[in-house]
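One-letter residues, chain by chain:
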Amino acid sequence: MSYKHFKHLPHYFPLLGIFGAGALAFILFSYDKQFQIGVAVSVAVAHFVWGVVHHLYHGDFNLEVVLEYFAISMLGLAAILSVILHA
Amino acid sequence: MNIVNFLSHIILPRYTNNFKAKLLHNSSLLFLSIILLAVHLLTRALSTPQLSILGYAANISPHKIVDLTNRERLKAGVNEVSYSEVLSHAASMKARDMIEKDYWAHVSPDGTEPWDFFHSVGYVYRYAGENLARDFSDEKSTVEAWLASPSHRENMLSGRYSEIGVAVVEGDLNGKDTTLIVQFFGTPSGAAPVIPVAAAESAGRGIASENSPILAQTPEINVPAVPASGFDVMKVLTLMIIGALVGVLVIDVIVISKRGITRVGGRTFAHLSFMMTILVILILVKSGEII
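So the sequences go chain by chain: C and U.
In terms of our numbering, the first sequence opens at residue 586 and continues consecutively.
In terms of our numbering, the second sequence opens at residue 640 and continues consecutively.
What the hints contain is simulated information worked out from the structure, not anything from laboratory work.
It is possible that some hints are incorrect.
As the list claims (entries may be wrong) - Just a few of them, taken from the derived set where beta-carbon distance is under 7 Å, the chain U residues facing chain C: (1) R902; (2) G904; (3) I920.
What the hints assert, rightly or not - Okay, derived cross-link-like pairs now, DSS-like style, lysine-lysine, Cα gap no bigger than 30 Å in a straight line: (4) U/K703 x C/K618; (5) U/K661 x U/K740; (6) U/K779 x C/K618; (7) U/K703 x U/K779; (8) U/K703 x U/K659; (9) U/K925 x U/K714; (10) U/K815 x U/K779; (11) C/K618 x U/K815; (12) U/K740 x C/K618; (13) U/K703 x U/K714; (14) U/K779 x U/K740; (15) U/K925 x U/K740; (16) U/K714 x C/K618; (17) U/K925 x C/K618.
Claimed, not checked - The following residues of chain C were derived to be distant from chain U, with all beta-carbon distances above 10 Å: (18) P595; (19) G623; (20) V626; (21) L641; (22) G644.
Predicted model only: the values in this text are computed from it and were never measured.
Where a beta carbon is used, it is the ideal one built from N, C-alpha and C, also for glycine.
Isolated chain C (complex conformation):
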């Protein structure tokens, strides 16, 4: 592990916190489908926004990176919504 790896750590804590809170919200509000949809959208948006901010901060921001975060976020959101909307 180099300094390069460690300097990213403070960025990952809020990201992991958001993801953990999202999973917890799904458990606690298992009875509220609308709320679960809101949580799914929030988690996907958080992943995308985190990616943009992180790469802007580190100076390696470009369109390819934005599209990658967008594609991953969309796939994750599509996966959850396609199941929830069937439930």
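Knowing the structure of chain C, use the given hints to seat chain U on it.
Chain U only, in chain C's frame:
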């Protein structure tokens, strides 16, 4: 050998895929999203009452719901509620009303309240309550969902009730095969004041349709088993896709760090943690909805 090369191209970062597994390329991710959307639409279409290939069918026993409710009441130190045929009949009327008028709410679009069904079967109550659920696969998950919601839990564990009635009715609700579960609580009263106690908050929705067919009715239901609902199909498919992506991302992290490959792109660890969250959520998602 070609298959090995193809699989390596799909799941391993190597020179053929610009040192990024093909499955992680934007085009592949977009393709997977489209596949999910297409299967979602297909399963919804196949589960419409007209086709009924993936129609939802659950064999839920009203009596088991009563048993589970009483078990939870005993655990909470509350008196058991006794089964009432009259309340079950009222619950059945409520469920039929939802199917016939095509709504999913405590109050019907024409303003009919849950208490009106109590009155129509001649049940004069001192206290009354209603819990609604739809599309659960079994009794246990239905009761667990009600217990998880504070307002429904309050109804289930209220010491003011002495009787319970449950109805399970299947039919076409908003163009979809649906299993409705209606749970009525009551305490009969002769001259005592009539006080509706509680119903979970509702938001009326739905558009009226004509004479939707009712497929089965409480108390004895015998619904032919259907191999899998659209929910099950989508859950398995999404778990497979997201599980595969998590696996490829783990391989990516290992190979990239071992070989010291530098490339332009997003942070694999961020993607991995996001996909693992999605995987956890997919595992936790259960069918069914309550109000």
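Going down the list of hints, with the structure as the test:
Nearest Cβ of chain C to the Cβ of U/R902: about 10 Å, over the 7 Å cut. The hint is violated. Look at U/G904: its Cβ gets to within about 6 Å of chain C, closer than 7 Å, so that hint holds up. Given hint, U/I920 at the interface with chain C, holds; its Cβ is 5 Å from that chain's nearest Cβ, closer than 7 Å. Of the supplied pair hints, the one linking U/K703 and C/K618 holds, its CA atoms being roughly 25 Å apart against a limit of 30 Å.
Taken as a hint, the U/K661 and U/K740 pair is broken in the structure, with Cα atoms around 50 Å apart against an allowance of 30 Å. For the given pair, U/K779 sits about 18 Å from C/K618 by alpha-carbon distance, which is consistent with the 30 Å threshold. For the hint pairing U/K703 with U/K779, the CA-to-CA distance comes to about 9 Å; that is within 30 Å, so the pair holds. Proximity of U/K703 to U/K659 is assessed by CA-CA distance (about 53 Å); at most 30 Å being required, the pair is judged violated.
A C-alpha spacing of about 24 Å is found between U/K925 and U/K714, which places the hinted pair at or below 30 Å, so the restraint holds. A hinted pair counts as satisfied when its Cα atoms are at most 30 Å apart, and U/K815 with U/K779 qualifies at roughly 23 Å. A C-alpha spacing of about 17 Å is found between C/K618 and U/K815, which places the hinted pair at or below 30 Å, so the restraint holds. Under the criterion of a C-alpha separation no larger than 30 Å, the hint pairing U/K740 with C/K618 is consistent with the structure, at around 23 Å.
For the hint pairing U/K703 with U/K714, the CA-to-CA distance comes to about 16 Å; that is within 30 Å, so the pair holds. Simply put, U/K779 and U/K740 have alpha-carbon atoms about 28 Å apart, close enough for the 30 Å limit, and the pair holds. The straight-line distance between the Cα atoms of U/K925 and U/K740 is roughly 27 Å, inside the 30 Å bound, and the hint therefore holds. Of the pairs offered as hints, the one joining U/K714 and C/K618 holds, with about 27 Å between alpha carbons and a cut-off of 30 Å not exceeded.
The straight-line distance between the Cα atoms of U/K925 and C/K618 is roughly 10 Å, inside the 30 Å bound, and the hint therefore holds. No Cβ of chain U approaches the Cβ of C/P595 within 10 Å, the least distance being about 13 Å, so the stated non-interface status holds. Look at C/G623: its CB is around 13 Å from the nearest CB on chain U, clear of 10 Å, so calling it non-interface holds up. Annotated as non-interface, C/V626 keeps its C-beta farther than 10 Å from every C-beta of chain U; the closest such distance is 12 Å.
Taking the minimum C-beta to C-beta distance to chain U, about 13 Å, the non-interface status of C/L641 holds against the 10 Å cut. Against the 10 Å criterion, C/G644 stays outside the reach of chain U, whose nearest CB is about 12 Å from its own CB.
Hint compliance for this structure: hints 1, 5 and 8 are not met, and every other hint is.
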